[in-house]
Amino acid sequence: MDRRDFLTYSAAGAVAAALLPASSIASTAAAAPVPSSLTERASAMRTEGRLVRANLPLNVPSPAMRYMTPQRFGMGGTQIGNIFAPISDEQADLVLQAAWNAGVRLYDTSPFYGFGLSEYRLGRFLRGKDPADYVISTKVGRVLTAAGGARQDHAIWKSPAPFNYRYDYTAAGARRSVEDSLQRLGLPRIDIVFIHDLSPDNSELEGGWEAAYRIARTGAMVELEKMRDEGLIKAWGFGVNTPNAVVQAMGSDDPTPDIVLLACQYSLIDHSEALRNTFPALHRKGTSVVVGTPLNDGFLGGRNRYNFSLELPAGAVEKRKRIMAVAARHGIDIHTAALQFAAAHPQVSAIIPGARSPGQIISNVEAMKVGIPAAFWAELKSQSLMEAQAPVPS
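Per mature numbering (1 follows the signal peptide of the UniProt record, and there is no 0), the sequence shown runs over residues -31 to -1, 1 to 363.
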């Protein structure tokens, strides 16, 4: 299959089980009971609390920031790329339509997500819509090549598109990757491009992340700056699960990212390192943050999975239980608190939780509109369940 033929490709992944979402309409009850059971895949924790806003929060342009997204809430694209379990094209369309109807206009994707499947599905949904009405971020670092037939399941991508990938952080690789993404998305330009998975936790990098960073330093980083100057993209940065490459770029005369996507690094249950080190480094250079996995891959939404692993950190379940109890006393839920917390830091441009069902994206949007009592945050801090200096929603 030629790489341009991918525009006509339609995945035929099996429909995932248990797609019926739980109720996602915010409750006005004075108190919310602690859920007696954890959520299942594609279900949504009920949003509790009083709605105090009609629309999703927006950013106010800041001269101190190199780039900020217009909206402070977006949708991550891993689930429509069949992470952990497949969903059909039709189900992906339902999720995207629910997001659009709810006012979501920021979408993150990557060639790696389902080996192009996430980009293809997102691009197909957006065709016919004015690109000025939404913001897209995607990634470079892997170049897709035809597999020559149906692909077997990957470790995390199920029923992926029929492509393989190779790592390429060179200038030519970055240019090729962006051009391929433009074709899959059906767009003339892309708003944000992140250099993907240039991180110590990526065991596939030959020679380790530092060797890959040296290639990117004179390759992808420089080329993305050229693309920004050409108007092909508006901003660039890193999309990583650990901050090493980001801190390296911030502390040197290397090209400065406009915005970075930090996954698994800033959440209600784990934010100390980002507050102490990563965010101050970004602040000094005016680089804003998109927070990925603000629910720790569903853990703060009730799932027994943490940052893409079934191995839960010591003390995480007990801490979640205690936060849920505090939330119940104040008439809200932990999922709502977690999303709003992740978006509250002034260095944060947006959060991008994913969604596998329409109910999940609706629940996430509703959570951003709930008023959280100041006493809730005060109690968390008094019980040492969060850092005392952590910014909270006003």
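Calculated directly from the structure, the hints in this document are not laboratory data. Be careful, since some hints might not be right.
With a Cα cut of at most 35 Å, we get these calculated DSBU-like pairs of lysine-lysine [as the list claims (entries may be wrong)]: (1) LYS98 x LYS350; (2) LYS98 x LYS127; (3) LYS290 x LYS98; (4) LYS254 x LYS288; (5) LYS127 x LYS350; (6) LYS350 x LYS254; (7) LYS195 x LYS350; (8) LYS203 x LYS288; (9) LYS195 x LYS290; (10) LYS338 x LYS288; (11) LYS338 x LYS350; (12) LYS290 x LYS338; (13) LYS288 x LYS195; (14) LYS254 x LYS127; (15) LYS203 x LYS350; (16) LYS203 x LYS98; (17) LYS254 x LYS195; (18) LYS290 x LYS203; (19) LYS254 x LYS203.
Treat the numbers as computed from the prediction; the structure is a model and nothing was measured.
(request) Return the numbers of the hints above that this structure violates; sort them in rising order. (result) When the structure is compared with the hints, numbers 1, 3, 5, 7, 8, 9, 13, 14, 15, 18 turn out to be violated.
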